[in-house]
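Chemist: Residue numbers (my numbering), protein chains in the order written: chain A, 1 to 401; chain B, 1 to 290; chain C, 1 to 327.
Just so you know, not all the hints are guaranteed correct.
Label-pair ranges, simulated between beta-carbon atoms [claimed, not checked]:
{"id": "1", "chain 1": "B", "residue 1": "Arg-177", "chain 2": "C", "residue 2": "Thr-200", "range": "49 to 55 Å"}
{"id": "2", "chain 1": "C", "residue 1": "Ala-78", "chain 2": "A", "residue 2": "Lys-163", "range": "55 to 61 Å"}
{"id": "3", "chain 1": "B", "residue 1": "Ala-3", "chain 2": "C", "residue 2": "Trp-181", "range": "48 to 54 Å"}
{"id": "4", "chain 1": "C", "residue 1": "His-29", "chain 2": "A", "residue 2": "Arg-198", "range": "53 to 59 Å"}
{"id": "5", "chain 1": "B", "residue 1": "Leu-162", "chain 2": "A", "residue 2": "Asp-228", "range": "56 to 62 Å"}
{"id": "6", "chain 1": "C", "residue 1": "Ala-78", "chain 2": "A", "residue 2": "Arg-303", "range": "35 to 41 Å"}
{"id": "7", "chain 1": "B", "residue 1": "Ala-89", "chain 2": "C", "residue 2": "Leu-15", "range": "45 to 51 Å"}
Partner residues aside, some chain A positions facing chain C, computed with beta carbon under 8 Å [as the list claims (entries may be wrong)]:
{"id": "8", "residue": "Pro-112"}
{"id": "9", "residue": "Glu-209"}
{"id": "10", "residue": "Asp-304"}
{"id": "11", "residue": "Arg-308"}
{"id": "12", "residue": "Asp-312"}
{"id": "13", "residue": "Gly-313"}
By construction, these hints were calculated from the structure, which means they are not laboratory data. Remember, it's a predicted structure, so these values are computed and weren't measured experimentally. Even for Gly, the Cβ is constructed at its ideal location relative to N, Cα and C.
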Amino acid sequence: MTISRRLLLAGSAGALAVPNLAAAQEAPGVTATEIHIGSTNALSGPVSSYSVISRCLEAMFRRLNDEGGVAGRRIKFTVYDDAYQPPRTLEQTRRLVERDRVAFLFNQLGTPTNSAIHRYVNQRSVPHLFLATGADKWANPREFPWTIGWQPSYRVEAQIYTKYVLEQRPNAKIALLYQNDDFGRDYLHGVQDVLKDRFRSMVVTATNEATDPTIDSQIVQLQATGADVLICGVVPRFAAQAIRRVHDIGWRPMMFMTNVSVSVGVVMQPAGVEKGIGLITSDYRKDQSDPAWAQDAGMNEWRDFMRRYVPDGDLGDNNYTYGYGVGLTMIQVLRQCGNDFSRENVMNQARNIRPMDIATLLPGIKVQTQPDNYNVIRQMQLQRWNGQSWERFGNVIEGAG
Amino acid sequence: MEAFLLQLAAGIATGGIYASVALAIVMIYQATHHVNFAQGEMATLSTFMALTMIQAGLPYWVAFVGTLVVSFIMGALVERLIMRPVQHAPILTHVGVYIGMLLIIGNMTGWVFGYTIQMFPSPFEGGKPMLGGLFSSHQLGSVGVTLAVLILVYLFFTKTSLGLAMRAAAYNPRSARLVGIRVDVMLALGWGLAAAIGSVAGMMVAPIVFLDPNMMLGILLYAFAGALLGGIDNPPGAVIGGFLVGVLENLAGAYIVGTDLKLTVALVIIIGVLVLKPSGLFGRVVFTRV
Amino acid sequence: MSLSPARLLLVVLGLAAALAPLWVLESFHLFQLTMAVIMALAVLGLNIVTGYNGQISLGHGAFFAIGAYVTSILMAQADWSFYATLPFAAAICGMVGYAVGLPALRLGGLYLALVTFSLAVAVPQLLKHKALEAWTGGVQGLFLMKPDPPRWLTSVLPFNADQYMYLNVLIVSGICFLLAWNLIRGRIGRALMATRDHPTAAEAMGMDIAALKTGAFAVSAMITGVAGALSAVAVEFVAPDSFTFLLSITFFVGMVVGGVASILGSIFGGLFVLFVPNIAESISRAAPGVIYGMILIVFLFVLPEGFAGLVRRLLAKLSSPGNPQPK
């Protein structure tokens, strides 16, 4: 860990040493009538279910253009496929920046993929905005001032769960199941952040690989330790398996599930709705299947948008509420820019968003940035599965500072 | 001790998955003397077709039989249209074709059916979980189905003249042709049967691991390991091998190498068997020209 | 085979074609071409063991990954210069290749493909294993920097880091291609092909088949490993997710489409694997993998000798119109 930190520092020192390659006499990607924004997403391949985010954003920019655009300019939004392969992400990002000369990059998907271009965009001073990944490392304005995430980080989420565990069961024995990759590791780090010295005595861990057929073995292993709390940082397939298996073997821990894997249709129904009763997660979005939002103004705005601009979109897919939220944030930044769409000003506006409400986010949860705090969404609310839907409980919790 | 027994049970449960896929691999090996890298993708596609039929309102067993038939036709067509023209080409070409099919079928499945995981119904739902909750009634039922398929395959290859002819066609096409066996028909039949058995495996596995286009990638390697361990020309051996791999992998993952190296365990088993005892634990030693 | 004037002209033209992009292309396209040359080198490595020696490997992504990681670890953790790491990457990959070649001796074609395929699938989890994490950076990977052009060069030619990288890749790959060409057209090359086509006869003639086969694996792994090392520097980042089994499949596809057992074919293969995904994306945005697989199968059916075979046939047709099938 210390070593990779050292490397990052070395890298960013190098970044500072390299002169600003994109000298900004005139703003790249911006003409009198158009602003060109670039993105990459896994349009093909195993994780291409996230490509609907790009569809949603394309539709949002279409709506914005229909309404007259921003400062008299239309938005042109180009998305290239990287198939979730980091070297391809670099290639496609260079295509966007060097050949298409986009103004900036927005909402590129994935942790390993964005890692591959992290240094490149910061060397070139290209705004790398509101990434579609919850990794912790995007909120690092000192070393990587041009990169900013959006959703609450996985690490913050794990911190929130751990704090809640300590409140409820101070002497808990915690079992942690996480996927052995960038995403899963953040849950490990989050739990470590809160427990510090007590981690070793309080926590047992098990990991899974994306290629594992089942995680039965890991569940059995964790149960055998006598743990009474289970925190899971796994993708939907294993989330559904874990919920079902934990129930079937008669283990009744206080169970937490990453909010990546709590979709009603994709996880809870396959696992068996009654098997997940009591499961705790957190969210910052309104769950579209929750009757509480049936008449909500914000959600009605979203439904209206979906009906008009993405008529064939799956209304049960919460990637669309995500996309809507991140799209609104982007549009806010564009509006804040006034008439100056230089990279410096875009970045400057992106790091100075005054706390604002977003239609698809829970009440009380704000989108905000400060120059020294790039955690755009830093609040969440816990919720519990009651067999049919997610029930929010407790207050909105503030995570990272 | 109890934890160990539970790990053992978990291994047996997972081993059941490998056993059913291993059986499909052995089937195609018996019929063609080849190992089809696209077997997993074909089985996954079959399972998606079964799901489509069930969602269209067909009763489970009707959809089950329908899927068998469609998969059989798909397998036979693959042989006819894709394998036949390169029948006498070098092995490199065959491997290339398998890889091509893996890419085409895998991506096509994802494109048509999407990459989100889907629930797949089980005909054996409803019973209470057994063996400390690790064995559901579905898993018990699917082991039963695997054993039934095994018995059928075994009887087919040893007791029917068609089965004998098929083995002969795979083992020595030229002599088989001389004694009047229609080798090309046998090959198409073999591919069809292998695809049908693969679809059974897919339908039995999907309720446990959930259905998505990449469902089989990991499983296929463990199943290869199981088939090789038991003997790739020996159906009962392959089933036992599948269970053994499941148990070995779980115990090694829990107690020896850690859960992050489970796939490597399968890799070591594959290499170990091929190098030390290429015929597997239960296979006949056959001398073939390499 | 001395250099006839025509051949000399070809060499000069080839050199000019290889160097011209330095001045002609803008940096993005130069980067793409750099990656294509690296891919060509990786395909060349695969071609030596699979094309020329007939041992099917679907796991060359593993060697590519090892080369990339050796260079990255030495550069990032030990502050070595890029050039100093290359021989190390080559040597370590050569050794690993030799070790993989030993069990391969006992495996027939399909089984070897199976074993190497499993290796390709297992690579990412080996790369991120905790025992190696202190060096490899685990799932986070490692960042490194492209070398800057030295002052003596920039005083003559105002190259930037991208142009300099291309030049480096071109020189290293050029050397590897020359060595491979020398190896293949000589005694060893004939022996490799003899063991592929007629193993029994080759053995009867006193060839040490075991040594040839393991040697082929070692050389092949070495070349692909060097390609991996170059790619790590060109991309300036390595992570386990960059080396999934699809990478090995990509090399295999490149070899088949470019031309099995053809040095020129390796170059076509490299260009193919880099540029065709972009073309496939423009044909079918939803499923470029389908297009990719179809191209592979169509080539196996229609053009089993790949692009190189096509070019050879066309050239033969041009030089001797009366003879349709010269060999």
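Chemist: The structure should be examined with respect to each hint, and the outcome stated for every one.
Modeler: Checked hints:
Restraint check, Arg-177(B) to Thr-200(C): a C-beta distance of roughly 25 Å breaks the suggested window 49 to 55 Å. For Ala-78(C) paired with Lys-163(A), a C-beta distance near 40 Å fails the hint of 55 to 61 Å. Remark: the range hint 48 to 54 Å for Ala-3(B) to Trp-181(C) is contradicted by a beta-carbon distance near 60 Å. Taking 53 to 59 Å as the suggested C-beta distance range, the pair His-29(C) and Arg-198(A) conforms, at roughly 55 Å.
The given range of 56 to 62 Å is respected by Leu-162(B) and Asp-228(A), whose C-beta atoms sit roughly 59 Å from each other. In this structure the hint that Ala-78(C) and Arg-303(A) lie 35 to 41 Å apart at CB is violated, the actual value being about 57 Å. Against the hinted window of 45 to 51 Å, the Cβ-Cβ separation of Ala-89(B) and Leu-15(C) comes to about 37 Å, which falls outside the hint. Because the closest C-beta pair between Pro-112(A) and chain C is about 4 Å apart, less than 8 Å, the hint holds.
Hint status for Glu-209(A) relative to chain C: holds, with the closest Cβ pair at about 5 Å, below 8 Å. With a cut of 8 Å, the hint placing Asp-304(A) at the interface with chain C is violated, because the nearest CB-to-CB distance is about 27 Å. Contact between Arg-308(A) and chain C, as hinted, is not supported at the beta carbon level, the nearest pair being about 23 Å apart and thus beyond 8 Å. About 14 Å separates the beta-carbon of Asp-312(A) from the nearest beta-carbon of chain C, more than 8 Å, and the hint is not met.
Interface hint at Gly-313(A): violated, since its Cβ lies 15 Å from the closest Cβ of chain C, which is beyond the 8 Å cut-off.
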